[in-house]
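**Student:** The primary structure of each chain is shown beneath.
There are 2 protein chains.
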Amino acid sequence: MDHAITAEELAEKIKEISIAEFFEKNRHLLGYENPTKSLLTVVKEAVDNSLDAALEARILPTVKVWVKEAGQNRYKVKVEDNGPGLKPSKVPVAFGKFLVGSKFAYLKQLIGTQGIGIKGVVLYAQLTTGKPTKIITKTKKEVHEFELMIDVIKNEPIIVSHKKEKNESGKTGLTIETEVEGRYVEGQQSILNYLKLISIANPYAEIIFNSPRGKHVFKRATKKLPPLPREIKPHPYGVEIGKLKRMIMLTKHKDMVSFLTKEFSSVGKGSAIKICKLARIDPKTNPKNLTHKEIEKLHQAMNKVKLKAPPTNCLSPIDEESLLNGIKKEFPAQFYSVAVRKPTVYRGYPFQVEVALAYGEPLKNEQAMLLRFANHTPLLYNAGECAITKAATKINWRNYGLSQSSNSLPNAPLVILVDVISVWIPYTSEGKQAIASYPEIEKEITLALQEAGRKLGRFVSKMKRLHQLKVRKNIFQAYSTVFAEYLAKITKKSEDYIKKKVEEILNKGEVEESKEVKKEKQEVVEV
Amino acid sequence: MDHAITAEELAEKIKEISIAEFFEKNRHLLGYENPTKSLLTVVKEAVDNSLDAALEARILPTVKVWVKEAGQNRYKVKVEDNGPGLKPSKVPVAFGKFLVGSKFAYLKQLIGTQGIGIKGVVLYAQLTTGKPTKIITKTKKEVHEFELMIDVIKNEPIIVSHKKEKNESGKTGLTIETEVEGRYVEGQQSILNYLKLISIANPYAEIIFNSPRGKHVFKRATKKLPPLPREIKPHPYGVEIGKLKRMIMLTKHKDMVSFLTKEFSSVGKGSAIKICKLARIDPKTNPKNLTHKEIEKLHQAMNKVKLKAPPTNCLSPIDEESLLNGIKKEFPAQFYSVAVRKPTVYRGYPFQVEVALAYGEPLKNEQAMLLRFANHTPLLYNAGECAITKAATKINWRNYGLSQSSNSLPNAPLVILVDVISVWIPYTSEGKQAIASYPEIEKEITLALQEAGRKLGRFVSKMKRLHQLKVRKNIFQAYSTVFAEYLAKITKKSEDYIKKKVEEILNKGEVEESKEVKKEKQEVVEV
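Residue numbers (my numbering), protein chains in the order written: chain S, 1 to 527; chain H, 528 to 1054.
Do not rely on the hints blindly, as some may be mistaken.
In silico DSS-like pairs for lysine-lysine, Cα to Cα no more than 25 Å straight-line [stated by the list, open to error]:
(1) Lys171/S / Lys262/S
(2) Lys219/S / Lys245/S
(3) Lys542/H / Lys90/S
(4) Lys131/S / Lys815/H
(5) Lys297/S / Lys796/H
(6) Lys542/H / Lys617/H
(7) Lys78/S / Lys801/H
(8) Lys811/H / Lys789/H
(9) Lys698/H / Lys304/S
(10) Lys658/H / Lys245/S
(11) Lys68/S / Lys811/H
(12) Lys658/H / Lys252/S
(13) Lys15/S / Lys667/H
(14) Lys605/H / Lys698/H
(15) Lys171/S / Lys245/S
(16) Lys801/H / Lys297/S
(17) Lys252/S / Lys681/H
(18) Lys681/H / Lys154/S
(19) Lys833/H / Lys801/H
(20) Lys811/H / Lys801/H
(21) Lys796/H / Lys820/H
Everything labelled a hint here was simulated from the structure, so no lab data went into it.
Since this is a predicted model, take the numbers as computed values, not measurements.
Turn these sequences into a full structure, and let the hints steer you where they fit.
**Tutor:** Right, dumping it as structure tokens:
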């Protein structure tokens, strides 16, 4: 018989869940829903962390990855870097407690920011193999080795073992070693492809991959580290009123002008006074004395007053040359174009879009290939939900001379590379494989693609014109003997003489044309 | 100048983040990435909760929804139900603290289980309008009205106001009233369509929608409440070793047989002994004394011994008649087929797939329309990432006589309804709009679709055969006069006599055929 539950009984059952237990039950949120994707996620989380740490410490990164079979559907994964290592006392929480991180609180362009990723590796390992994960951190003086698990009910690290010794070599770095359920594949959505793509977008990194099927080395293409992205305050555009209220609650500044100029980026004294004026608030008011109505007006004014774009040094796009070199190295083609948008904001977070296109022979793909990146990290899954895919399929590529079915990528030998960089990438899930469709972000991707697309369009139409010219010339050539014969009769010159002259003219045309063709065909780059 | 960060400095920055702050920064994870989707999410979270509460309390639900414009891109949303209400003292945490819930801890088929959804509404409201959300709970004796916000830094509720009075009417229920940023649309991904689809899959519910453009009533189609799904223990198949270890750590049972029979579903004494034998463990062993090696063997044995499927009363599929009535009501067609799979398990969680197909006139859609449901709730977003979409597009529908481009839905006047029900739906994000691609789940969806597809295929091929017959008959009829003439000459009977006979035969054929056609054409149902 059904037993009806009363309000009292329903309430009794209410209990608190730890975030670790939540993720254990929902491990697919972290990218662990099937063995193939799970193995990739393990490698990705570790490599992303290594690159971030090296970049912050201004060290040219060398990352070594081992993936080794350890039984049926079981793999040992080891990732070793030459970064600064992590202070030993912080290792347990950094790897064994969810929602603890060094990067969440401040706005800075990095790959990992959520305080979740690497803990997911430890959780997934203990869940699927029951084994702890080994972390070795080498700081200048000491080497510490931890074996860690996570107390899922409490969201606290369990230190299974901890050894330390002197660091004889003095070399720093961090190593993570774990055993997980997985499946190793090669192809589009694979560890190998992920590492290949990451080396395109991070050419200053050296990556060595010891796969179950052999060794791959992705060499360092430049020794130039990208500039370190700066930490930044939120930009006033798009900051929600709820966040503004909290900023007011927490601020130490005692008047509106210092509050606006110190707590936000891109607001000078003049803009601050303009904002106050528009909101009819005295610039000397203590922000804490504002009423809800006044805060509402302030919020509206902040979005209306014309402000500078966010400073560019908070973002570190791939420079155009490196981007071109990267795509050229992996995708030889006839034509390249690049478009880099200026930084703009969504919800107060600065972001920027850069796009590279590679087109034509020797590329042979029938449908365009879309390479998605977020903060220079390749996104290999969840393409359908990604703002990049949405923008790229909504664009009318027929405008640029390509054929396209509706809501699809164009049918052309084309590679489309899109990199969205931001101080806060809005991933569609904690597994960080797609970018959420905030309208501002989708719009910027569209504009960048259109900019690069227009350059491509000019090339495509030139190539079509040259092709038509050539067809016409071929027809003329075919008739040239007959033509020479008639001309000889009319001009009373010898047929041979006429033929020679005609050939000369045709060849001259050919030489000029081939110059033009060469210019167009051989790796044309429009930036 | 770049300032290199040392291990020590990096570690200092590590800090703990509250889950509320995490979701505030990542509001897109909860379904709030653009105004249109956000408004739908607000309504969906409230309606889902109302249906769950009514079902648990065995009350036929009546849910009233108001959406009203309140300024540019601002809407007031109110959802009122006739459920049991919620115990007033529990209201603040139930609505104002993330990862607290009544449903997370136990395995039971319900719409809401995460301890997240409805808190997202309160968070999104305060973030985008700065306003608290009003909750009115009516239990039999009292009416309590709360205005709530969330302290994001602490993940704790803030009670802005609290009033109580006697419940004069004695009617119970819960009302939520909030003001949010949003955009109201009608169409596929809209509140209106969401409510229409929910009424198909939950025909016992009455839903009244006062939209900004007018009133819509979705009437109750049956007074029969579905049986209350039972709470259940995990099934041994697919339970990860990490989870098994924790179950062993937490169990109160002191020997293997009671541990296995009491902590799992579908394990009788016989199966428990078989499992122990296969794992070479004495059935009398205290589980807490098992070594890691023994637990590994136990884990393998649990997955190898043949066990009963999970009990069916933990899942409450829509009964076939209701499913057919629902789809017939909204999608009149020539042919229907239904397939309901038996419950099976992924990761120890029982789940079940049911499928309904509607095909042919008056349906006119060129490409099949896919309706996705999880625990009888429609999924309107993130189709590309959903296990249902993946299964439906991977199937070779050409086997069933339909045309199809590769990796697409078939091109046919077809509606495909798939409902996945489970004690734990693995949503791809906290926004609960798509089901993660666990291999076991995708496989069951595929099998269900193939089962229904084969029935459809028989109908399609019969229809094709009948069509060919008709074409042949028409040709024969066209030649019948000539035929009669020749026949008359040969048989020496009068031409008129022969003509009459031929016509008789043809008509007889037609009568029989039209009987068959009628049988096939008029709403054929294969179950």
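**Student:** Hint by hint, note whether the structure agrees.
**Tutor:** Hints, one by one, checked against the model:
Under the criterion of a C-alpha separation no larger than 25 Å, the hint pairing Lys171/S with Lys262/S is inconsistent with the structure, at around 40 Å. Between Lys219/S and Lys245/S the alpha-carbon distance is near 49 Å, which puts this suggested pair outside the 25 Å criterion. A hinted pair counts as satisfied when its Cα atoms are at most 25 Å apart, and Lys542/H with Lys90/S qualifies at roughly 10 Å. Our distance criterion of 25 Å between C-alpha atoms is met by Lys131/S and Lys815/H, whose separation comes to about 17 Å.
Taking the CA atoms of Lys297/S and Lys796/H, the gap is about 70 Å. The hint is violated against a cut of 25 Å. The suggested pairing of Lys542/H with Lys617/H is violated, with an alpha-carbon distance near 30 Å, which exceeds 25 Å. A hinted pair counts as satisfied when its Cα atoms are at most 25 Å apart, and Lys78/S with Lys801/H does not qualify at roughly 38 Å. Pair hint Lys811/H plus Lys789/H holds up; C-alpha atoms about 15 Å apart against a cutoff of 25 Å.
Between Lys698/H and Lys304/S, the direct Cα distance comes to roughly 48 Å. Violation of the 25 Å bound is thereby established for this hinted pair. A distance of roughly 11 Å separates the Cα atoms of Lys658/H and Lys245/S; the hinted pair therefore holds under the 25 Å criterion. Distance hint between Lys68/S and Lys811/H is unfulfilled; the C-alpha atoms sit about 38 Å from each other, more than 25 Å. Between the alpha carbons of Lys658/H and Lys252/S the distance comes to roughly 24 Å, so the proposed pair stays at or under 25 Å and holds.
Note on Lys15/S and Lys667/H: the hinted pairing holds, with a Cα-Cα distance of about 24 Å set against a maximum of 25 Å. For the hint pairing Lys605/H with Lys698/H, the CA-to-CA distance comes to about 18 Å; that is within 25 Å, so the pair holds. Restraint check for Lys171/S and Lys245/S: not satisfied, since their Cα atoms lie roughly 47 Å apart, outside the 25 Å limit. A distance of roughly 72 Å separates the Cα atoms of Lys801/H and Lys297/S; the hinted pair therefore is violated under the 25 Å criterion.
As the CA atoms of Lys252/S and Lys681/H are separated by approximately 20 Å, the hinted pair is consistent with the 25 Å bound. Between Lys681/H and Lys154/S, the direct Cα distance comes to roughly 17 Å. Compliance with the 25 Å bound is thereby established for this hinted pair. A C-alpha spacing of about 9 Å is found between Lys833/H and Lys801/H, which places the hinted pair at or below 25 Å, so the restraint holds. About 13 Å separates the Cα atoms of Lys811/H and Lys801/H, which keeps this hinted pair within 25 Å; it holds.
About 23 Å separates the Cα atoms of Lys796/H and Lys820/H, which keeps this hinted pair within 25 Å; it holds.
Violated hints, in rising order: 1, 2, 5, 6, 7, 9, 11, 15, 16; the structure is consistent with all others.
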